[in-house]
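All the letters of the sequence shown, read from the start, carry residue numbers 65 to 617 under our numbering.
By construction, these hints were calculated from the structure, which means they are not laboratory data. One or more of the hints may lead you astray.
[To be verified] Pair by pair, the computed Cβ-Cβ distance ranges are: (1) R273 to E160: 56 to 66 angstroms; (2) E197 to A168: 16 to 26 angstroms; (3) P470 to E532: 28 to 38 angstroms; (4) E170 to R494: 49 to 59 angstroms; (5) A596 to E170: 37 to 47 angstroms; (6) E160 to G445: 52 to 62 angstroms; (7) G356 to V447: 49 to 59 angstroms.
Computed from a predicted structure; not experimentally measured. Just so it is clear, CB atoms sit at the ideal spot from N, CA and C, and this is done for glycine as well.
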Amino acid sequence: MKNTLFKGLSVLMLIGLLLAACGGAPAETEAPAADATEASAEATEAPAEEASGGTLTIGLPVEPETLDPGDAVYVQEQFILMNLFDSLLSISPDGELHPGLATAWEPNADYSEFTFTLRQDVTFHDGTPFTAEAVKASFDHINSDAVLESGGKSLLQDHSYVETVVVDDYTVTVKFGASYPLFLRDASRQWLSISSPVALEASGADYGRNPVGTGPFKFVQWDAQSQIVLERNPDYNWGPEFAAHQGPANLEQVVFRILPEAATRLTAFETGEVLIASEPPALDAIALADSGAAAIQTFAQPGVPAILMINATKAPTDNVNVRKAMILAVNQEELAQTAFQELGLPATSVISPTTWAYDEGAASLYSYNPEEAARLLDEAGWVDADGDGVREKDGETLTIDWPDNPAWSEAFNELLIGYLSEAGFDVQYRSMDDGAAYEELLAGNYTLVYMYWTRPDPSPLRYLFHSENANGGGAWTNFVNEDLDNALADADTNTDEAARAQDYAVAQNIIMENALVLPMFTVNTSYITAPAVQGFSFDLEGYPYLYDISISE
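Turn these sequences into a full structure, and let the hints guide you.
Below is the structure:
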C-alpha cells in the first residue's frame with residue numbers, strides 16, 4: 065500500500081542539514097547518537113576475518129511489494145534493496161557523505177544541479193558495465209509513467225526533476241527546476257539507487273520481480289508469501305569506505321523469510337529456523353536477551369514517529385474538537401511502555417524528538433487528559449445519552465473507521481482502540497492487507513491512517529501535509545492551509561538551515577494546533593540476533609548492514 069508508505073516500521077540520532085560535497089562545497093552536519101543496545105554494540109566489534117560464509121536467515125513481518133528501487137516505498141523493501149543495489153553516494157552512520165558509485169560530486173550555487181564523477185570499475189549483476197547511461201536510465205525510470213508512486217518519485221517530482229544529462233561515459237549531471245539542498249543525502253538512499261539499464265528495458269513491468277543492481281548480493285528467487293533469496297556477488301569490490309571490510313560480502317547467501325505473525329517469527333528464531341527476527345514481541349525479546357540466547361539490536365528512528373493521520377474532511381473528525389479529544393484520550397507513555405517495554409518511547413508531536421528541527425512548543429500542546437477530552441466532545445454535541453459507552457449526536461454514533469493491515473499495528477492497536485473506546489468513540493478496526501487498505505484510502509473510506517516515516521530531518525512533512533498531495537496523494541488528512549503549504553514548500557527548497565528550521569517549527573505547530581495527527585510512539589527498529597551472528601550494525605536510518613555480517617562457528 066503505497067502510502068503507509070514510509071510507514072517504515074522497520075533509529076536514535078540528531079542530524080543537521082547535510083550539504084557535504086567534494087571539491088570545497090559546504091558541509092554542515094551534526095554527528096548522530098545511535099541508541100543501540102549494549103549487546104548490539106558488542107556484536108559489531110567482531111572482526112570480519114572470522115567470517116565463515118554460510119547462509120543468514122532473517123524473519124520479516126511483511127512481504128515487499130516490489131524489488132524495483134525506483135518503485136519502492138516500504139521499510140522491508142529498503143532493507144532488501146540496500147543489499148542488491150548501490151547509490152551514487154554512501155552515507156555513514158555518523159551522517160557524513162562518502163563515495164558510492166560516484167567518486168566525486170559538485171553542486172551548483174543554488175543546489176539545483178549536481179554533477180557526479182563515476183567509478184569506472186563497476187559492473188551490474190547481469191554483466192552490464194556501469195556508466196552514466198545507467199544513472200540517466202534509472203532516474204528517468206523513476207520519473208516515468210511506469211512508476212505510479214514511490215519514495216524515489218516523490219523525491220524527484222517534489223523537487224521539479226528536469227533531466228539527467230550524460231556528459232560522458234563517467235560524468236553525469238542531474239538537474240532540478242528548484243533548489244534541492246538535500247539531494248546529495250537523498251542520492252545515498254535506496255530509493256534513488258541505480259539499476260541495470262539493460263534489465264530495466266528487458267523486464268519492463270516485471271522488473272520488480274527481476275531486480276539487477278551492483279550491490280554486494282545478487283537476486284536469486286522470490287517465492288511469493290514465503291521467502292526471498294539472495295547470493296553473494298563475488299565480483300563486488302566497491303563497498304563503502306566506512307565498512308568494516310572491503311571486497312565481497314562475508315555471507316554466501318541471505319534468505320528473507322516472510323513470517324507475518326510476531327509469535328511465528330519468535331518460534332522460528334527459538335528453533336534456529338531464522339538467525340535474525342525483525343520486530344519481535346518485546347517481553348519475549350527481553351527474556352531471550354537476559355538468558356543469553358539472543359542479543360537485542362534496537363535503534364530509535366528519526367523522522368515522523370508512529371502516528372495516526374486523521375481525516376479532517378470526513379465526519380465526525382471534520383470537527384477540530386473531536387480530533388483534539390482523540391489525542392487527549394490517549395496515554396502515550398502508558399501505550400509505549402505496555403506495547404514495547406523499554407523498546408518504545410512516547411511521541412507527542414508529528415516528528416520525533418530525535419529529529420533535527422524538532423519543536424518543543426508543538427510537542428507540548430497536548431498531554432493525556434481524559435476529562436478535557438470528554439469536555440471537548442460534550443461541547444461538540446457528542447454525548448452518551450443511552451449509557452452504552454458510545455457517544456451519539458443527531459442519531460449518529462461517534463464512529464471512527466480504521467482500515468489497516470494488523471501486521472503493522474498488532475503490538476498496539478487493541479490498546480489504542482481501548483483508549484478511544486473509553487472516551488466514547490466507536491472504533492471500527494477493519495483488518496485487511498495493504499493493497500485493500502490502500503484502495504479504501506483512495507476511495508475516502510477512512511478516518512485514521514497509520515503511518516511513520518524514517519528520515520533524519522522533517523522533510524517528509526511536505527509529502528504528508530502539503531495540500532498538493534491531498535485527496536489521494538499521500539496527505540491523508542486532506543487539510544488545506546495556505547500558511548502550512550508555504551512553510552513546507554519553503555523548507556523543502558531553502559538552502560539556509562536556520563530558515564528551514566523556522567519553517568518546520570511553523571509547520572509542526574499548525575499540524576498539532578489543528579490536531580491533524582494522533583502521535584503515539586517513536587518507532588524503534590528492533591531485531592533479535594542469534595549469538596552466531598557477528599558484525600551487526602545499523603545505517604543512518606536504522607537498516608541493518610548485511611555486508612559486514614558474518615556467522616561464527
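Structure-based check of each hint:
no. : hint                             : result
1   : R273 to E160: 56 to 66 angstroms : violated (35 angstroms)
2   : E197 to A168: 16 to 26 angstroms : holds (19 angstroms)
3   : P470 to E532: 28 to 38 angstroms : holds (31 angstroms)
4   : E170 to R494: 49 to 59 angstroms : holds (51 angstroms)
5   : A596 to E170: 37 to 47 angstroms : holds (45 angstroms)
6   : E160 to G445: 52 to 62 angstroms : holds (55 angstroms)
7   : G356 to V447: 49 to 59 angstroms : holds (55 angstroms)
Against the hints set out earlier in the document, a violation occurs for number 1 only.
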